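**Student:** The lines below spell out each chain.
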Amino acid sequence: MSAVSESQSDAAQRIENFRERFRAIEQEVGKVIVGHRAVLRKVLAAFFAGGHVLLEGVPGLGKTLIVRSVTKALGLSFKRIQFTPDLMPSDIIGAQILTEEKATREFRFRPGPIFAHIVLADEINRASPKTQSAVLEAMEERQVTAFGETYPLPDPFFLLATQNPIELEGTYPLPEAQLDRFLFKLLVESPNAAELNEILNRTTAEYRPDVAAVFAGEAGQQAIADMRRLVRQVLIAPPLQNFVVSLIAASAPNGGGSVAAVRNYVRFGPGPRAAQAVVLGAKVNALLDGRAHTSFDDITDAVLPAMRHRLILNFQAEAENVTEDSLLTEVLRSLPRP
Amino acid sequence: MDANGLKAEAPTGETASPYRLIEETALRWYRRRLSELLLPAVPPLLALATALAAGRLPLEIGVAGAIALAILGFHVTGLVASKPRAARFLDRSLGAKDRFLTLATIERTASLLPVVESSATAIAASAGDLPLPPRRKQPLVASVALSAAGLLFLWVIPELTSLAGAGGGGLDRIAAELAAGNAADRELAQVLRDVSKTLHDPRRSKEEKRAKIAEALAKLDQAERKRQISAAGSSGGASDKGEQGPQQQADGKRQDRGAGEQGSGQEKQQQAGGAGNGEGNARGQAKQELERIAGEIAGESQGAKAEPGKNTQAKPQPSGGGIQGPESGAKERKPGEREASGNQPGKAPDKSGGNEKPGGEQGEAKAERGGEQQRPNAQNPSSQSGPGASAEGASQKPSQRGDAKPTERYYKPGEGPGGSIVGGQYVRVRVPDEDRPLAGTEEVAKPGDVNPEVPYGNAPLPVAGSPGEVGAEQPIPLEYRDALKPPPP
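As they're listed, the protein sequences go chains A and B. The first sequence lines up with residues 1 to 338 when you count with my numbering. The second sequence lines up with residues 1001 to 1489 when you count with my numbering.
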């Protein structure tokens, strides 16, 4: 067997392993979570793409449960932070405390809950902007700085934030800079009747299923690192990449090819991080389909979760009930297929 | 062979690699588009070729039309052999999810590329015969539209005098000139158009065409006579010249009539002569053109046995750059005449009337008379003598008439009004009678010929007293010293 064919079979095996492990995680989480298959898939996609996810939905839809289940399935450390208006940055990052050891007193840094593989920032829009900004550095640079010292976060680091779209009183909407740092923004929908029945069966009966870890120990973390690396190796044809660039330009009100609706309703358009998010999401989609290359459908599938929170609409859009998703759909329709 | 006619070259997925498949698809795509371009373009091209062969369409227009047609066709069909386009087509037709597009556009060093290659190969192998893009209707529609437009254009061409004049004959152009004149000229224009149509009609025999030409010539003569009579009646007592002016124009002869141009009727006479000049020229050209065509027809009928002298006699003289009479071109001329006078400096046609044509009837003038002809003619037009003086009033510019003196200070040294030469001198060069071509001349000296006198350029020589003055005895330039011989004693 030639070297070429060996590398070919090896690459194909890596892709197949990715798919199997991904499916295994979905199956494990699916034991607990009813429905929300698309949300779960996108959460996992963002995790393997190396991004963070903002989940938006009304209370009681299982957002927190999804995150906890995914964490268990991945076998990683998990911390949960309930964001409240009086939450301080030190409550997240950590603080220096005075310790006494061998008759010597000194300040030592005590890491906050941000120091975990997976962090759930529950109702993140309830904390003050000062506290919200405390997670900015952690999200982008995977490190925090406290009292002049920089502390790296564990790898992988995955932040899942939730926010309630209806209870806006006493909340602080996330600033654009922080929104831009989320790879995906996922909308958690209410379950349908069948799903609600299944939820009742699972949660009100004596037997309560539990999630088993798909990855465990050092080997598990190595496997996760391999999977994240494989995502970056997926190919994307230059015409498709150009399409993503055109998409970003068309979504900006001042962009060259922006459509009329964008010019009318969008105050600020997406930036380069949006293009990165679309491409990374498309690459994960390609791997989940068993392909080593990105297709046009992979890209269109990743557009809405990757770009909806990066479009800042103006007042006219809110007055006319124009949503980000409808605008992006129109932009997609207006662009010629590569 | 399938409906596309390309089945024999169609690749099968079993044997072709994805890259080869893309290349072959691109090639097939190119061929398909080429056939879509060329096949529908055949009717308009055939129409163009037919029109060109029949002389109905000028060559330049035909070539330009063909080029424009080709460019339009390439534009419409998008005839580009593009691998990404072929790959995109393969992806869509085989449901390959952009595998071929990735292979066609991405670098071959990518680590996961073998996976894409193998999956694309598998898809191509399972697809069997690869399809071709569907035929497009635009080329066919464009071909029909272009053919219709071309036929319409060819139909209209005889009515477009500018185009018709550029083609063979030029009768239509002359007819257009005549049509701008009076009623008699318009009748003549119609006659010329009839002749032109008859000539272009392939169903007409040569005898018919010849008869039509003869008829037109007769009408031309008749109209000319009528015009002469009417001109004589209108110009009155002072119209000795006026009567003769048109005749002179019609015959293409310029005679010296300096004495008859004096007196109060001079200006009037000049105007009448000028008016008659343009019309007479058009008629003269028509007559000349008809005679030329008649000669050609006669030459064709006589075939190879026709005497060359007849044809050359019927053809216009190539040196006829100016306005000339109908017979001037047919007038047989000896080479020596033209050489002796055609480039003589001082034979300024400008001041003595724009109708003068160097190399025409001026051939009778001798080189030695150049000094006389350098005199500014505008000072006294009536006192002019010599060839060409009779046509002076025909197209004389207002600034050159009567007392309107030209502003000489704006002329370059050595030049006069209308490009004439002032202060020119002759250099007579005797070329040894050797059998070799002379650069810059039209004649080749033959052994035994009389030494030809070769006039050289019109560049003025330095005037007397200035630096570089040329005397009568001037040294032979170095480059000629070995070529020239001293004149015989």
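FYI, nobody ran anything at the bench for these hints, they're computed from the structure. Hints are not guaranteed to be accurate.
Pair by pair, the computed Cβ-Cβ distance ranges are [as the list claims (entries may be wrong)]:
hint, chain 1, residue 1, chain 2, residue 2, range
1, A, 334, B, 1148, 34 to 40 angstroms
2, B, 1108, A, 256, 48 to 54 angstroms
3, B, 1202, A, 256, 56 to 62 angstroms
Facing chain A, a subset of chain B residues (Cβ under 8 angstroms, in silico) [said to hold, decoys possible]:
hint, residue
4, 1069
5, 1072
6, 1094
7, 1105
8, 1415
Residues from chain A shown here face chain B by an in silico Cβ test under 10 angstroms; the list is partial [unchecked claim]:
hint, residue
9, 7
10, 8
11, 12
12, 14
13, 98
14, 234
15, 236
16, 237
17, 290
18, 321
19, 326
20, 338
Bear in mind that the values here come from a model prediction, so they are computed numbers and not experimental data. Think of the CB as a built atom: it goes at the ideal place given N, C-alpha and C, for glycine as much as any other residue.
**Student:** For every hint, state whether the structure bears it out.
**Tutor:** Results for each hint:
Hint check: residue 334/A to residue 1148/B, Cβ distance near 37 angstroms, so the stated range 34 to 40 angstroms holds. The hinted range of 48 to 54 angstroms is not satisfied by residue 1108/B and residue 256/A, whose Cβ atoms lie roughly 32 angstroms apart. Judged by the Cβ atoms, the range 56 to 62 angstroms given for residue 1202/B and residue 256/A holds: they are separated by roughly 60 angstroms. For the restraint placing residue 1069/B at the interface with chain A, the shortest Cβ-Cβ distance is roughly 29 angstroms, beyond the 8 angstroms limit, so the hint is violated.
Because the closest C-beta pair between residue 1072/B and chain A is about 24 angstroms apart, greater than 8 angstroms, the hint is violated. The closest approach between the C-beta of residue 1094/B and any C-beta of chain A is roughly 13 angstroms, which is over the 8 angstroms cut-off, so the hint fails. A least Cβ separation of about 5 angstroms between residue 1105/B and chain A falls short of the 8 angstroms threshold, and the interface hint therefore holds. A cut of 8 angstroms between beta carbons decides the hint on residue 1415/B: the least distance to chain A is about 60 angstroms, and the hint is violated.
Checking residue 7/A against chain B by beta carbon gives a least distance of about 6 angstroms; that is within 10 angstroms, so the hint holds. About 3 angstroms separates the beta-carbon of residue 8/A from the nearest beta-carbon of chain B, less than 10 angstroms, and the hint is met. Interface restraint check: residue 12/A against chain B, minimum CB-CB distance 5 angstroms, threshold 10 angstroms, status holds. Proximity of residue 14/A to chain B holds as hinted, the smallest CB-CB distance being about 9 angstroms (cut-off 10 angstroms).
For residue 98/A, the suggested interface contact is broken, since its CB lies about 52 angstroms from the closest CB of chain B, more than 10 angstroms. Hint status for residue 234/A relative to chain B: holds, with the closest Cβ pair at about 7 angstroms, below 10 angstroms. At about 8 angstroms, the closest approach between the beta carbon of residue 236/A and any beta carbon in chain B falls short of 10 angstroms, and the interface hint on this residue holds. At about 4 angstroms, the closest approach between the beta carbon of residue 237/A and any beta carbon in chain B falls short of 10 angstroms, and the interface hint on this residue holds.
Taking 10 angstroms as the C-beta cut-off, the interface hint given for residue 290/A holds, the closest approach to chain B being about 9 angstroms. Taken as an interface hint, residue 321/A does not check out: its beta carbon lies about 36 angstroms from the nearest beta carbon of chain B, beyond 10 angstroms. The interface hint given for residue 326/A is broken, as the beta carbon of that residue sits about 27 angstroms from the closest beta carbon of chain B, more than 10 angstroms. Given the 10 angstroms rule on beta carbons, the hint for residue 338/A holds: about 8 angstroms separates it from the nearest Cβ of chain B.
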